[in-house]
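First to last, the protein sequences are chains A and B. Be aware that the first sequence starts at 939, since it is given in my numbering, and climbs by one per residue. Be aware that the second sequence starts at 939, since it is given in my numbering, and climbs by one per residue.
Hint data in this document are derived by calculation from the structure and do not stem from the laboratory. On a predicted model such as this, the values are computed, not experimentally measured, just so you know. Each hint should be verified, as a subset may be incorrect.
[As the list claims (entries may be wrong)] The list that follows gives simulated cross-link-like pairs (lysine-lysine, DSS-like), each with its CA atoms no further than 25 Å apart: (1) K1138(A) / K1203(A); (2) K947(A) / K1031(B); (3) K1214(B) / K1173(B); (4) K1031(A) / K947(B); (5) K947(A) / K1027(B); (6) K1365(B) / K1214(A); (7) K1027(B) / K1031(A); (8) K1000(A) / K1031(B); (9) K1031(B) / K942(A); (10) K1214(A) / K1340(B); (11) K1031(A) / K1031(B); (12) K1340(A) / K1369(A); (13) K1031(A) / K942(B); (14) K947(A) / K993(B); (15) K1337(B) / K942(A); (16) K1339(B) / K993(A); (17) K1365(A) / K1214(B); (18) K1321(B) / K993(A); (19) K1365(A) / K1337(A); (20) K947(B) / K1027(A); (21) K1031(A) / K1000(B); (22) K1340(B) / K1027(A); (23) K1348(B) / K1337(B); (24) K1337(A) / K1340(B); (25) K942(B) / K1214(A); (26) K1214(A) / K1337(B); (27) K1173(A) / K1148(A); (28) K1214(B) / K1321(A); (29) K1138(A) / K1148(A); (30) K1027(A) / K1031(B); (31) K1339(A) / K1365(A); (32) K1340(A) / K1214(B).
2 protein chains.
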Amino acid sequence: MAQKPSIPKGTRDFSPVEMAKRNYIFDTIREVYALYGFQQIETPAMENLTTLMGKYGEEGDKLLFKILNSGDFLHGMTADEVANTSTLKLAAKFCEKGLRYDLTVPFARYVVQHREELALPFKRYQIQPVWRADRPQKGRYREFYQCDADVVGSESLLNEVELMQIIDTVFTRFGVRVCIKINNRKILTGIAEMIGQADKIVDITVAIDKLDKIGLDAVNAELAEDGIPADAIEKLQPIINLTGSNEEKLATMRQVLSDSEVGLKGVDEVAFILSKLGNLNNPIELDLTLARGLNYYTGAIFEVKALDVQIGSITGGGRYDNLTGIFGMPGLSGVGISFGADRIFDVLNQLDLYPKEAVNATQLLFVNFGEREADFCLQILAKVRAAGIRAEIYPDASKMKKQMAYANAKQIPFVAIVGETELAEGKVNLKNMTTGEQSLINADSILEYL
Amino acid sequence: MAQKPSIPKGTRDFSPVEMAKRNYIFDTIREVYALYGFQQIETPAMENLTTLMGKYGEEGDKLLFKILNSGDFLHGMTADEVANTSTLKLAAKFCEKGLRYDLTVPFARYVVQHREELALPFKRYQIQPVWRADRPQKGRYREFYQCDADVVGSESLLNEVELMQIIDTVFTRFGVRVCIKINNRKILTGIAEMIGQADKIVDITVAIDKLDKIGLDAVNAELAEDGIPADAIEKLQPIINLTGSNEEKLATMRQVLSDSEVGLKGVDEVAFILSKLGNLNNPIELDLTLARGLNYYTGAIFEVKALDVQIGSITGGGRYDNLTGIFGMPGLSGVGISFGADRIFDVLNQLDLYPKEAVNATQLLFVNFGEREADFCLQILAKVRAAGIRAEIYPDASKMKKQMAYANAKQIPFVAIVGETELAEGKVNLKNMTTGEQSLINADSILEYL
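Using the sequences and the accompanying hints, generate a full structural model.
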């Protein structure tokens, strides 16, 4: 036999069981998004490279999968021209299209391209794969799904409130206990302003984040190493030591930032959002060390951590201004979240939280003993399916052992056995594959029995 | 404003309304596949080019989208070497991966790669996009979805029976009247054998297919032009004039093909399949001119035509032997069907057959008059959503006119208006956007009302 075929590294096949689990995740997210009035769109896998290039930084440009132009991609370039052109520039000559790298840039492109058709604010969700030529490693793939929801065209903080409610509802439905963390870019800007170190804000949050692990003295030492002057470190002490309820933290921050207009605005925003959330099932925590994608977000920043599994952030998001500005349509503010489907898949696996109904496929298999018995089964099968029960007949009259092995492999909970005797009596021998119990029942009453 | 961004030609964005319709189509097909015990898999968008090349003919190789290798794709080739190598060979040097061209080859690759995990027969379905560098034209796209179901590892004709039942069930659910056409490659082989013109079978079916349009004499003239000898044309007359019910046609063919073992086997197969179908909602017709992908299919051939819309085939399929042989695993027979989602989309549009529930998104919008009113609405909103009603609040306290325009654009059927008066009385003014009717109701009773 020839060598086994394979797939490109960093990509995956999804088996029936994996697909059922993934569909459960996607369907749950989709349903909750729709419950909050978000509408689904899809964009093409391929975008023009002019749309994608320069949007993800220099490193991102290299990680774009580029698609070779069809036909004569050399465009009549001479050997000299090829020799005198860099690989990156040659790639740009040879390729007009690339695979989508995330869902945000295609969404921005969509909004600008279709602006005449859209009723703003536009609440869209999008669940599609993205591709990145990253070095594959455990938990990092070259093809993976993103599940984004964004609102553009509204600056109202009610959008932030609803996105946090969505997060809470989704994880409640999954049965996963999480902590929802919130921060605000304006608070971070205020802190940097207050201590006169606007350019050091990333270093500061990184250092503060280590408090639990290394203790206060080490944090302060690290801040000094980062070049933060002693008086600024002094001013930071109430922030580093920030504890208590969200209300207590907000009260402290309001004092600390009393001289910073933007900082106070950030505090007000967080306070407003927290006050409107209503009863959530999961705790919300103001976390000043939360700074994901700092250059990107301009207001609220969200992140979700699973409480019962050691894993990175499983959902994130925030507010950004001017998303569509890169495509010539300035002034649209937006806020969005993104569920990390692959990590959520791992969390639900580890906690064994998939509902049986979601993962089970076929509910009933008819064993096939030959044409006459099969004819009888086909009639019952039609009725069972008409009632919405997922059922099948083993297509060949193979050995009983093989057919039962098939039922086991597919984890089919009920097997209907109709041999010569049952056929003569118009009965079905129904075997419960979980308990092993067998019941001889009238063919007509199989629906009630199931 | 800069030039509007665009997407690559032959690709499409799908708007919320289009997505809702497409999801209705995919969900219906998915549900019926599952009802018959088929399980979903997904494969990566990118396959190794070694998997794809040579599987779709020379033309197909050219239509594959190839992905430029990351980094130094020149592999140290000199400029001279580049200049002296054909474009096709260069493409093979520069690219290791390509985008999936159909779902059949990736499925064959999947079966071989995962054979140890699979319980045969393997009934899988797969709904994913494919990409072809075809010249785009009306109704032909460079990215489009296929919706395939196949059974491999069973030669039983019950699989054919179930696939035809699936087709009948799907179109019944859609409310589309169709004619399901069936043929068998073995019958065609028998005909060619019988008249001693094995290599002319395509010409023969093409000519016969024109009977309705051009009449018997013209068909016979065309056959003669194709180089079919007079005695062979004479023998073909009962086949060209084949009319009557499926039973009558089969009886005729049994006589005509009485000397062809393979031909009779084909007749037996069709007769068996038709006898096991049970009561279908749509007519089935034996059509000897049906020869799609002749070199590919080895047994049954299916095709579905819509009765009330002028459009090409909307579903097709058949049995093929040795699908996995190309990957070194011979001897596996398979049979499958593929729904043409894009054409079905057009058919349902033309006949206006989308159920309202499938296309409607948000059911209720709360108008936003300011923070106090919004607070009141948020409480009702939480209850309404907990009851599973898709609802939203307009995030900004914009002008009433703008908010109502939003409700109209999103076709939201109910709008809840809570102004100062309603707030004071704990009431909601509920407007039915279809009838224009307004009802002042207690906030508590909104669920009953909806």
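Comparing the hints with the structure gives:
{"no.": "1", "hint": "K1138(A) / K1203(A)", "result": "holds (21 Å)"}
{"no.": "2", "hint": "K947(A) / K1031(B)", "result": "holds (18 Å)"}
{"no.": "3", "hint": "K1214(B) / K1173(B)", "result": "violated (31 Å)"}
{"no.": "4", "hint": "K1031(A) / K947(B)", "result": "holds (18 Å)"}
{"no.": "5", "hint": "K947(A) / K1027(B)", "result": "holds (23 Å)"}
{"no.": "6", "hint": "K1365(B) / K1214(A)", "result": "holds (21 Å)"}
{"no.": "7", "hint": "K1027(B) / K1031(A)", "result": "holds (18 Å)"}
{"no.": "8", "hint": "K1000(A) / K1031(B)", "result": "holds (19 Å)"}
{"no.": "9", "hint": "K1031(B) / K942(A)", "result": "holds (22 Å)"}
{"no.": "10", "hint": "K1214(A) / K1340(B)", "result": "holds (24 Å)"}
{"no.": "11", "hint": "K1031(A) / K1031(B)", "result": "holds (16 Å)"}
{"no.": "12", "hint": "K1340(A) / K1369(A)", "result": "holds (16 Å)"}
{"no.": "13", "hint": "K1031(A) / K942(B)", "result": "holds (22 Å)"}
{"no.": "14", "hint": "K947(A) / K993(B)", "result": "holds (22 Å)"}
{"no.": "15", "hint": "K1337(B) / K942(A)", "result": "violated (64 Å)"}
{"no.": "16", "hint": "K1339(B) / K993(A)", "result": "violated (37 Å)"}
{"no.": "17", "hint": "K1365(A) / K1214(B)", "result": "holds (21 Å)"}
{"no.": "18", "hint": "K1321(B) / K993(A)", "result": "violated (41 Å)"}
{"no.": "19", "hint": "K1365(A) / K1337(A)", "result": "holds (21 Å)"}
{"no.": "20", "hint": "K947(B) / K1027(A)", "result": "holds (23 Å)"}
{"no.": "21", "hint": "K1031(A) / K1000(B)", "result": "holds (19 Å)"}
{"no.": "22", "hint": "K1340(B) / K1027(A)", "result": "violated (48 Å)"}
{"no.": "23", "hint": "K1348(B) / K1337(B)", "result": "holds (17 Å)"}
{"no.": "24", "hint": "K1337(A) / K1340(B)", "result": "violated (69 Å)"}
{"no.": "25", "hint": "K942(B) / K1214(A)", "result": "violated (38 Å)"}
{"no.": "26", "hint": "K1214(A) / K1337(B)", "result": "holds (22 Å)"}
{"no.": "27", "hint": "K1173(A) / K1148(A)", "result": "holds (18 Å)"}
{"no.": "28", "hint": "K1214(B) / K1321(A)", "result": "holds (15 Å)"}
{"no.": "29", "hint": "K1138(A) / K1148(A)", "result": "holds (16 Å)"}
{"no.": "30", "hint": "K1027(A) / K1031(B)", "result": "holds (18 Å)"}
{"no.": "31", "hint": "K1339(A) / K1365(A)", "result": "holds (21 Å)"}
{"no.": "32", "hint": "K1340(A) / K1214(B)", "result": "holds (24 Å)"}
When each numbered hint is compared with the structure, violations occur for hints 3, 15, 16, 18, 22, 24 and 25.
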